[in-house]
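Listed below, chain by chain, are the residues.
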Amino acid sequence: MTSRHFLVIVGLVQALLLASLIVLIILNRWFRLRRRARVHPRRVALDAVMQRWALGQADVGMVLLRLARLPVSLAVDALVSWSARVPGDRWRRLAAELAHQWWTRLVRANCSSARWWKRLEAARFLSIAAVPADAARVLKLLRDPHPAVHIAAVATLERLESAALATVALDRLPQLAATVGAYYAGMLRRSRPVVVQLLLKRLARRDEPALARLTEFAARLQEPALREQLTALALHGDPEVRTQAVRALGTFPHGDSIAMLTRTAADAQWAVRAQAVRSLGMLADAVTLPLVRDALRDPEWWVRLRAGLALTRFGPAGRNALLEADVGGDRNARDMAHMILGFSSQALAEFAA
Amino acid sequence: MTTLVHGTDLVILVYFLALNSFYALLLVLSIPEIWEQTRLAEDDDFQRLMQSDALPPITIIVPAHNEEATIETSVTAILTLEYRNYEVVVVNDGSQDQTLEALRHAFDLYEIPRTYPEAVPTQPLRAVFRSRTRTRLLVLDKENGGKADSLNAGINASRFPLVIAVDADTLIEPDALLRLTRPFLLGRQIAAVGGTVRVANGCPVEHGRVTDARVPRRFLPGVQVAEYLRAFLFGRLGWNRLGGNLIISGAFGLFRKDHLLAVGGYRTTSIVEDLDLVVRLHRYLLRRGVPYEISFIPDPVAWTEVPETSAVLARQRERWHRGLIAAMWEYKSMLFNPRYGRVGLIAVPFYTFGEMLAPLIEVLGYVVTIAGAAAGVVSLSFALLFLLVAWGYGMLLSLWAVVLEEVSFRRYRRPADLVRLVLFAMLENFGYRQRTVWWRLRAFFTVWRQRRVWGEMTRKGFEAVGSRAPG
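Line by line, the protein sequences give chains X and R.
Each position in the first sequence, counted from 1, maps to that position plus 968 in the working numbering.
Each position in the second sequence, counted from 1, maps to that position plus 182 in the working numbering.
Isolated chain X (complex conformation) (with noise of 0.2 angstroms):
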């Protein structure tokens, strides 16, 4: 064979090639247009039984046959679409229903698919309508390698309330990375006193290799509870620890909180410092103000922003502070009232958001 004839070889395989392709994407258009045409009546039928059963006009049965002529999948869909629509007990009837469904089973034999995507789509079916019964599959799927899953299992807790499951997901949490953990943390708070015991046994074990993010999570949830212990973190070891303890703080308006800041306040760590100037502004207790208006003249520059930022919130008496500092002696301090007192009371509110 000489190199012409391979030359033209190459060629007519690319002509067919280059056919096949244009077929390819004919049939693939026609394909999706037919199946458009089949499947959206029925998803309309499903919506508009779904807009009568969440009214109580319709039986649920209704709802349970339109939803099984429609694929797995759109039918995962408009459950989850529809998920965030109806209330929580009428949604749980509806969920106790669709166990016992033929295809809602296929989905949950998914939980041990080798392929992600089913996987995945059985995580956000059980995220909208797990039952008890569920829960050793969703502890599975919370386990899982690929991220998608678990996230979507993670979102069980808002329909389930489960010790184990809260575990599972706490354990994780500080496993995370920042964003994902945001995610989970929002999850957690939906099964609160649950969380909250859990919280309390980890927070008090100081070599806690997670304590950081587990304070930190600690922190968001505002919860009375913690305060003790919160309190008693403020003067850890770890730098990070005692910023998010001190962040968690200025949420509790109370004698041993204030006490704790006030000492706080003069960390030799920075960013402990400005979280406490900031918490004892959101406190803004008039016995701490000159605390606070001392850290004007800190030498980093973030514990002065925090701590002109903190006076705009004790009211006239803090406005005078920062007056007087802008006309006083300090010229760091100087120089930070006079850009807070630049700022407009929306770019305040910025600032403290």
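Honestly, the hints are just simulated from the structure, not real lab data.
Everything numeric in this text was worked out from a predicted model, so none of it was measured.
Take these hints with a grain of salt, some might be off.
[Claimed, not checked] Straight-line distance between alpha carbons at most 20 angstroms, and here's what the computed SDA-like set of lysine to any residue pairs gives:
1. Lys-1086(X) to Ile-213(R)
2. Lys-1108(X) to Ala-1077(X)
3. Lys-1086(X) to Glu-218(R)
4. Lys-1086(X) to Pro-214(R)
5. Lys-1086(X) to Trp-217(R)
6. Lys-1169(X) to Arg-1181(X)
Keeping the supplied structure of chain X fixed, place chain R upon it in accordance with the hints.
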């Protein structure tokens, strides 16, 4: 003479085979990647995510230089994106037209003092403005320093850990930010992530939003639709799997601010700042052993106006290629350097030999073949057959990009648009590609003469684009 021609032909043949085999590899790798990305895009429960506080806050930086025609529409569209926590920093880069006045008038700006340190040095700031009507908006007015300088000024002013650079002439889809943060939500260690840039020419635009995806009827913008699809849908998706995306589009790319600050922000002296930045990020993170990903995800979409005339397109392509040459020269120490892993061993060599040198080799091939045919040492019919096969391969790649679009996102819903897209994908190799080769070749001459001529993009404004849209 015969030995020289045959030797050169052999080198070109080997180059052709190696390059096209690599393209075939990218093509194969793009299949599982688009499969996974499409699944994730379809399965995401965006409502749930939007209600959660997990979404990372984002600063959108919009550099604007003489963008009077589009600035209000663009900024308004950006301010109404579906995202919970973001701010918009518009940087007026010493515009000589009424860009700042247009912003002042549209958003009721008032001056505020500067309240942040200058982490990256930039041209002097003239003023900082906030808006009375849009709390998310911050406008910086600064001396002219170029796009990179404006982006650096925006980075300095940004409050949030993620920053996205968006060209003022770029229209972002409402849910694009939400989609763009998906890799962060999936817990991946993302240093930068880019979305798809599509061609807005010919699409109707209302209130800064593309309301309907169309393929332009005119050849030049139409063929760029196919070109962009190929570049994004199979090129960059394939590179995701190879771990070495070297380009995150400057028109639409999300970066971690701490990494940007660590590498000193955008380089004001670079010709194509986005390529330069991404290569520098790779170098910095690999040197320090920081685990990271620089990814492309196809479903977040931004629309941009592409050149409609050869003169403007020529300047744009020449500038892009000059930027590529400059970047490859600047970072030549990464070439085949195992210290930089797959980036040093695959990506940089590909961009150097497969992209940067491609126009030189292609033109050399044409010249040698024509000379050989004239001298009677190369069979003309064989040369034409070879050319046909080479063009056929190019058509296959372009058409494959259309297939990927059709099986995944299907933006072009009208059959007429699909037909046009297929036609443009096939016609791209006849004339258009050769012209781009010539424009890219000119970049070598310009670099050789040390000229630094920036191509100027003539903007018509999107409402004008929309009003010209067919039926």
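Now the hints, each set against the structure:
no.	hint	in the structure
1	Lys-1086(X) to Ile-213(R)	holds (19 angstroms)
2	Lys-1108(X) to Ala-1077(X)	holds (12 angstroms)
3	Lys-1086(X) to Glu-218(R)	holds (12 angstroms)
4	Lys-1086(X) to Pro-214(R)	holds (16 angstroms)
5	Lys-1086(X) to Trp-217(R)	holds (13 angstroms)
6	Lys-1169(X) to Arg-1181(X)	holds (15 angstroms)
In this structure, every one of the numbered hints holds.
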